[in-house]
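**Student:** What follows is the residue order along each chain.
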Amino acid sequence: MKTPAPNNVHLALRVNGEEQQVSFAPYKTLLEVLREDLNLTGTKHGCELGECGACAVLVEGVPVLSCLALALDCEGRAIETVEALASGGKLHPLQAAFADLGGAQCGYCTPGILMTAKALLEREPNPSRERIKEAISGNLCRCTGYQQIYESIEEAARTMQESKR
Amino acid sequence: MTKRLDVIGRPRRRVDGRAKVTGLTRFADDVILPRMLHCKLLRSPHPHATIESIDVSRAQAYPGVHLVLTGKDFPVTFGILPVTQDEYPLAPERVRYVGDPVAAVIARDEQTAFEALDLIDVKYQPLKTISDPEEALATPEPRIQSYGEQGNIHRLQAFEFGDVNEAFARADHVFEDVFFYQGNTHLPIEQHASVAAVDGEGKLTLWSSTQVPHYIHRALASALQIPPAHVRVIACPNGGGFGGKCDLHNHEIVVSKAAILLGRPVKICLTREEVFYMHRGRHPVLMKMRTGVTKDGKITAMHTQTLLDGGAYGGYGAASTFYTGVLQTVTYEIPRYKFDACRTFTNKPPCGPKRGHGTPQPRFGQEVQLDKIAEKLKIDPADFRLGIVAKPNTLTANWLKIGTIGLAECIRKVVASSDWKNKYRKLPEGRGVGLACGAYLCGAGLPIYWNKMPQSGVQLLIDRSGQVTVFCGATEIGQGSDDVLAAIVAEVLGIDAYDVRCVTGDTGLTPVDLGSYSSRVTVMMGNAAIQAAERLRDLIAQAAAEHMETLPENVGFARGRVFRADDPCKLMSFREAIVLAEEKFGTLGSVGSYSPPRSPGRYKGAGVGPSPAYSYTACVVEAEVDRNTGWITVPKVWIAHDIGRAINPVSARGQVEGSVYMGLGEALMEEQVFRRLPPKLSNALVHKIPSLLEYKSLTSLDMPEVFTELVEDPDPNCPFGAKEVGQGPLLPVMPAVANAVYDAIGVRIDELPITPDKVLAALEKKAKGETPRVGPESFPEVPFPEPMLVPPPWEGGDGNSVNTPRRTPGKKEAVA
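Top to bottom, those sequences are chains E and C. Numbering-wise (the working numbering), the first sequence opens with residue 116 and increments by one. Numbering-wise (the working numbering), the second sequence opens with residue 35 and increments by one.
Hints listed in this document are in silico derivations from the structure and should not be mistaken for laboratory results. Please note: incorrect hints may appear among the correct ones.
[What the hints assert, rightly or not] Here are the computed distance ranges between Cβ atoms for each label pair: (1) E:Glu237 with C:Glu587: 55 to 61 Å; (2) E:Ala193 with C:Arg593: 44 to 50 Å; (3) E:Ser243 with C:Thr805: 52 to 58 Å; (4) E:Asn241 with C:Arg595: 50 to 56 Å; (5) E:Ser243 with C:Asp330: 48 to 54 Å; (6) E:Ser278 with C:Arg569: 45 to 51 Å; (7) C:Ile723 with E:Ser202: 56 to 62 Å; (8) E:Ser278 with C:Cys603: 36 to 42 Å; (9) C:Gly590 with E:Ser278: 39 to 45 Å; (10) E:Asp188 with C:Arg593: 42 to 48 Å; (11) C:Val117 with E:Ser202: 51 to 57 Å.
All C-beta atoms, glycine included, are put in the ideal place defined by N, C-alpha and C.
Given these sequences and hints, build the entire structure.
**Tutor:** Shown next, in the form of C-alpha cells:
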C-alpha cells in the first residue's frame, strides 16, 4: 500500500497583484495550483514536462514553466498569468495585436506565448525578429507557423513605444 | 451578386480573437463542475496479448476510489465508421497495441486515480506481434482482427479507369518509382480531455476535445446503448485538431459510462504520452508509381499502388485507403488511371486522418516523380506542370468533377515570386530550389454514414434587441470556423461580424453539421448560412419595403442600415427593421441547409473523392544542405493557394503558413516510429519517442520565412466563391523539399522524413559512383484483386463499372 497522502500546506500566493490564501498538497506544481485551486484556467498545459511552453507564466517578471515549478517555492513571489494582461476592459497591446494579426489560431499556446513576449518587451522594448524568434523558441505552436506571431509581437512593440512618446 | 462586400474579404480580427488572447476560451480541460471526479486509464504494456484475468479488488478498496471499470462493463463494440465496429472502450479479452486501454479508475482526484492504477492486476498471455505491413502480409496468423479481407489485410481496393498497359505501351517513357512516407502524428498542443455529466433530467452531456460532435453523439449513444435523444455532445473549442480529434475515443465512452453509473461529473485529461499512443495520425505508406509520358511532356497513364500500415484497429482506415489514390487525378490531365491500395493491421496505435487525410503520401510520390520526369525530358519542372494542368469544368478519369482550377496561376505566381528561372539548376552547389503542387477537397461529398439529409444546417435567431444569434453544429478547432460563420451571416444581413453571436458544436442546441474534417466547413456551413440569412433577410425586406413604400427587391442591407436601393436617403437602422418584421411576422427565425451536388461517378467506390470544389496550391522551397552533416536548412518558402475567395485574409494566410510549417515538419523531422524493447524486457513494440521533446517539430528558430499569395477566382459552388485553405497548402511542401534537396546536392531521398543520416548515406553512394538515392527498393507482392474496370468519360463510359470483380473469399466487415 502507498504511503498516505501528505497533509496540505497552507500559504499565501501573490497572483496578479492579489494575495490569495490557498491550501494544497505540497507536491503540486504551480500550474496545478493555478488551474485547480485558484481556477485560473487561462494558463494551459501541453506536456507537464517542460517541453511545450504552454504553461509559461511570469514569476517576478521572468517567464517560468509553471509545470516544472513547485507552488510551494512561489510563496511571496509575484506571479502573473494571462488573466492579468488586460487592464479593466482594455486589452494589452500584445493581446490586441495577436487578435488582430492572426497571432492566435486555436489559442491554446497563446497565453504562454503572450507571457513570454511580455517579459521580452519589458526587457527589450524594440527587439529584432531574431530576438523574438529566440525568445519564443521554447513555446511550441502547431497552428500558425509562427510568422503571424512574430508580426504580432512587432506590432505590439510599436504600439507600446508610441504610447510612451 | 454584384453587391460590394463589406465583411467578406477584409482583413479583420476574428470574432473569437478576443477570447483566445484573454485566456477565456473554454477548452475541455477548463470545464470544471461541482462534485467532479477524475478518471485515469490503465493501458496495455504489451503490443499483442490475450488478457487472462483482471483483478481490480485492491484498486477498488483504495481510499478515494469511487469506481473501477473493465471490459466486461462495456459489452458493445464501437467504431467511427458504421462498417468498422471493431473497438472496445476497454479491451475485454485481447490487447492489440501498447497503449490499448484495459481498465479505468474513477477517483476523487487525478493523483489518487493514478495511484490506484498500480493496484490493478492484469495477467497477460503475449501473442506474436506484427510490426509492419510486410510482416502483416507474410503472417496471416494470428489475426489481429477477425474481419477484413484475409489474414492481417484489412482492406484491398483496385480500380482501373481505361487500359493503362495499352497507354504505357504508347508512351515514349514509362517511369517507375517506389517511395515511402513515414507515419507522423498531429501533436495538437491541447491534450485530449473530456468531461461527462448527467443533468437534472437524467440525460448525459459530454464536453470534449472533438472535431466531430455529431458523429460522436451517434457513436456514443450506440456504444452505451442509450437513446441518442438523451445524449448531448458539446465540442469545446479544440486546442488544435489536425484530424486527431475525429474518432470516438475510448476515454469519451468511459467517462460517459462512469458519470451515468455514479451520478457525478467525471473528467479525464490524457497525458502527452497517452496522446502519442492514441495517435490516429498519418499512415506510413509504401508506394509504387508508374507514369507514362510522351516526349513532349504529356501524361498517357498513371498507376498508383499503395500499402498502408494501419495499426491495430480500423478507425477511418477504410476511407484513408481510398484517399491514397482517388485525388491523384485532379491536378493534371491523366487520360488513364489505375489505383490499387492495401491496408494492413499491425500491433501499433491505429492510424487515421491527419491534415490531408491519405493524400500527402501519394502526392509526395507523384510530385517527386514528376520532377524526375521533367529532368529526363529536359523540360523545366514548372513548364512541364503548366503543360499538363487539368482544365476547368471537366471530369477526371475516375469521374471526379473539377470546377474552377487556379493551379496554373498558382504555379506562375510562385515561379515569379521565387525567381525560379534564375535559381533552378543555377544556385551554387549545396543550395537548391524545388517546386511541387497539390490539390484538396472542399468537403467530402458523402457523410461517413449513408443518409440523404443535409450535411450542414444553420439556424438564425433574431429579435427586437437587434441581436443575431447563429446556431450551427460546426466546430471551432482553431481554424476560424466561427469567424467564417459570423462573417457570412453579417455580410448577407448587412451588419457587423462582431454583432453576430455564434453558438456552435453543441448537439443539444445546434442543427447538425458533420464537423470539422475534410476541409468541409467553409463550403458546407457557409452555403447553409447563406440560405438561412437570405431567408431572414427576405422577411425583413418585406416588412421594411412596406414601411418605405417600395418593393422588397428594392431594399438594401449594408453597414447596419436597411435602405431603399433607389433612394438610399430613405433608411432605417437594422434594429428598426427587425421591429417592423417582428410586428409583421411574429417571432423571427430561419434555417438553412446544404447538401453537396451529386457526383457523376456511379461505380461502387465512387463515393470517396467527390467534392463540391477542389482547392489548388503550388509551392517553391529553397534548401541549403550541409554536405558534412547532412543538415538541411530551409531559408524561404514561396506558396500560392487557389482559395476561390478569402473570407478573412488574416485567417487564410495563417492556414497557409501553418500548413507550410506542418509540411516542413513532415518533410524534415516528424516521425511516429516504434522500436522493440529487448527480449528480457518483454520484446514489446513501443513508441520510440512519445514526448514533445523527442518527437521533433519545428520551433520558431527552425521556421523559414514564408511568402504567401492567395489566388482568388470565386467558385460558383462555394459561399462567396470561397474554397478551403486548411489542408491543401500542406500537400506540395514535402515533395518541394525533396526536389529542392535534389537541386542542391544531386541526390534523391525518396522517403520522408529527409533526415541528415539519409542525406549523408545518399552522398556517400554518390561519391562511390552508385545511384545517389535513398529510399525503398521494392514494393512487395500484394494480393490485389481483379480491378473494377470503369471506362473514363472520354472513352464512352457512363460512370459505371463494366465488370463485377470477385471479392476476396472470406471477407467480412466488422459490424456489430
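**Student:** The structure should be examined with respect to each hint, and the outcome stated for every one.
**Tutor:** Hint check results:
For the pair Glu237 of chain E and Glu587 of chain C, the supplied restraint of 55 to 61 Å holds, since their beta-carbon distance comes to about 58 Å. Our hint of 44 to 50 Å for Ala193 of chain E and Arg593 of chain C holds, since their Cβ atoms are close to 46 Å apart. Between Ser243 of chain E and Thr805 of chain C the Cβ separation comes to about 45 Å, which falls outside the hinted range of 52 to 58 Å. The beta-carbon spacing between Asn241 of chain E and Arg595 of chain C, approximately 43 Å, falls outside the hinted interval of 50 to 56 Å.
The beta-carbon spacing between Ser243 of chain E and Asp330 of chain C, approximately 50 Å, falls within the hinted interval of 48 to 54 Å. Separated by about 46 Å at the C-beta atoms, Ser278 of chain E and Arg569 of chain C satisfy the suggested range of 45 to 51 Å. In this structure the hint that Ile723 of chain C and Ser202 of chain E lie 56 to 62 Å apart at CB is violated, the actual value being about 43 Å. For the hinted restraint 36 to 42 Å between Ser278 of chain E and Cys603 of chain C, the CB-CB distance of approximately 41 Å keeps it satisfied.
Hint check: Gly590 of chain C to Ser278 of chain E, Cβ distance near 40 Å, so the stated range 39 to 45 Å holds. For Asp188 of chain E paired with Arg593 of chain C, a C-beta distance near 55 Å fails the hint of 42 to 48 Å. Distance hint check: the CB atoms of Val117 of chain C and Ser202 of chain E are about 56 Å apart, consistent with the given range 51 to 57 Å.
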